[in-house]
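These protein sequence lines map, in sequence, to chains A and B. Sequential numbering of the first sequence, starting at 1062, is according to this note's numbering. Sequential numbering of the second sequence, starting at 4, is according to this note's numbering.
Derived by calculation from the structure, the hints in this document are not laboratory data. There may be inaccurate statements among the hints.
Which bits of chain B does chain A cover? Going by a derived footprint, with three or more residues having C-beta under 8 angstroms, they are [as the list claims (entries may be wrong)]:
| id | region |
| --- | --- |
| 1 | 64-75 |
| 2 | 99-111 |
| 3 | 114-122 |
Quick list of the computed label-pair ranges, beta carbon to beta carbon [said to hold, decoys possible]:
| id | chain 1 | residue 1 | chain 2 | residue 2 | range |
| --- | --- | --- | --- | --- | --- |
| 4 | A | G1205 | B | A194 | 55 to 63 angstroms |
| 5 | B | V30 | A | N1087 | 35 to 43 angstroms |
| 6 | A | K1202 | B | T197 | 24 to 32 angstroms |
Just so it is clear, CB atoms sit at the ideal spot from N, CA and C, and this is done for glycine as well.
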Amino acid sequence: MLAVTTAERSGTMLDDVRTSPALAVNRLTKRFGDRVAFRDVSFEVGHGEVFGFLGPNGAGKTTTVRTLGTLIAPTSGSATVAGLPLTPENGVEIRRRIAVMPESPGLYLRLSVSENLECFAGLYESPVPRERIDLALGAVKLAGRAGDPCGALSKGLRQRVALARALLSEPQVLFLDEPTSGLDPVAARDVHELIDDLRQRGVTIFLTTHRLDEAERLCDRVAILSTTLRTIGRPDELRERLFARSLAVRTLVPLPDPDRVFGGLPAVDGWRRDGSGGYVIAVSDPAVAAPAVTRALVEAGADVLSIGESRHSLEDVYLELVDEDVEAGQR
Amino acid sequence: MRMSARRVQAIFRKELRDYRRNRQIVVSMAVLPVLFSIYPSIELFALPASSSGVLLHKQPLVYMLAIPAIVPAALAAYSVAGERQQGTLEPVLTTPIRAEELLLGKALAVLLPSLAVSYGVLGVFVAAIERFAQPPVASALLSGPELLAQVLFTPLVAALSIWAGVAISTRSSDPRVATQLSVLASAPLIAVTTAISTGGFHVTLGLALGLGAALLLVDSLGWRIVAPMLDRERLITGTRS
């Protein structure tokens, strides 16, 4: 049967939207004259994923967000944003499906919180603006501050209003550009909780940040950008990819002959000192190596203070990659 | 292209709320027109009744049309460049709003207080002439057709000045420069109204209708003419796309 009902057709379209990534970027490049903002950037972000976009200042993070948000045109490459090809003709429709929270909240300071949101509810042609505003304010825990002038709010509260503004349109993809920049730890924690809450609701979030603790805590996957995309993956994947696995051992007094203790143990590839009584042991499989190392230490009569697998942070990964770039730049 | 009345209205309402919270903006708009009308008022008050015949050959009331040319210049110039400087433009441009909708909302919001100030100053001027000028002078000056022309041309002149100001604002990186250029852009309008009012050339009914039609056409197409000048990339990054 060739005829397709409207319900079947819309069901198929919905399936297409769900199976295709929320964001698909293919060799995207942006140049301003001779200056390259970012080059040959490719990645995909799935629906409901929190994707971290990390990089040092000037790496091209904000320009990438602005490009995907249709504010600026790419020089080359292609992208699909919220199911639509990134073309000038699709600009209005893409902006209808996404929301961008820029680094600076950009609120009308003489207007109240509610008036700011009313303006944007109108710009998104929200069918039930009052309801949406109340929901957005509730989501950022600002329902009691709706009548306050934005100029009277602290930086953290302004950031929350900006987040509420971004939620008004129920975006398929939410771009957050440095959402905790300049916030104190308490305000930053509040924003983290809000992002976590949005993740629970299945909102796709593209988060640019140079706060690595933030990315590690919030993001399913991260990409590290330094004009070109340096790496992409889950934080633990990146750690494994970049750093050999190791055990960290601490003893009360330094071992007289560490070579004799660690040499020839199963799954142990080598060792190095790490301060007085500290040893980092390169291993191929921590589950095999850790019991063997422990036994060897006990047999050697060492007073063991601690033994455990070394955990490289995302910061280690980031610094390793960024330092490579700095060194390459100096050569 | 479908123009969204809701988005235009959202910008219009936001701008009016902003003016209301900052009444000095509107009050300061009225200062220059008041100063502008003091000197001709004093001259007209002092004019003897025997001179009323001279007024019949001139069109001194047209001088007042310089007011709607000047009044909106600063506000229009601030409309885009000011928002850009405040950092409020980027969030607006990330919404589905089209350039035409943004500019129309802003232009209408500037038009409203500009008309209020222009008509207000005109009303005070007319009342003062009626009260203090010699009756023959007042009746020569305040002829029905000229008053009607004044009322009809005020929004047309104001809209032209607004579009010029908004156009400059979309291309300026600094609202101060935009304001200066916008005031400068209203100078030709002021020159024309001054030339007519001082008898430099006489406007016939036909010419007035022609001018009115031309202004109406340019004003109604203003958003179409100015919209292509709003370059999101240049406004956000400061570089040309």
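Results for each hint:
1. With a cut-off of 8 angstroms between beta carbons, the region 64-75 of chain B has 0 residues touching chain A; three or more are needed, and the interface restraint is violated.
2. Coverage of the region 99-111 of chain B by chain A holds [criterion: at least 3 residues with CB-CB distance below 8 angstroms; count 3].
3. Counting residues of the region 114-122 of chain B whose C-beta sits closer than 8 angstroms to any C-beta of chain A gives 0, which falls short of three, so the coverage hint is violated.
4. For the pair A:G1205 and B:A194, the beta carbons lie near 56 angstroms from each other, so the given range of 55 to 63 angstroms is met.
5. At roughly 55 angstroms, the beta-carbon separation of B:V30 and A:N1087 lies outside the given 35 to 43 angstroms, and the hint is violated.
6. Checked against the hint of 24 to 32 angstroms, the C-beta distance between A:K1202 and B:T197 comes to roughly 60 angstroms, which is inconsistent with it.
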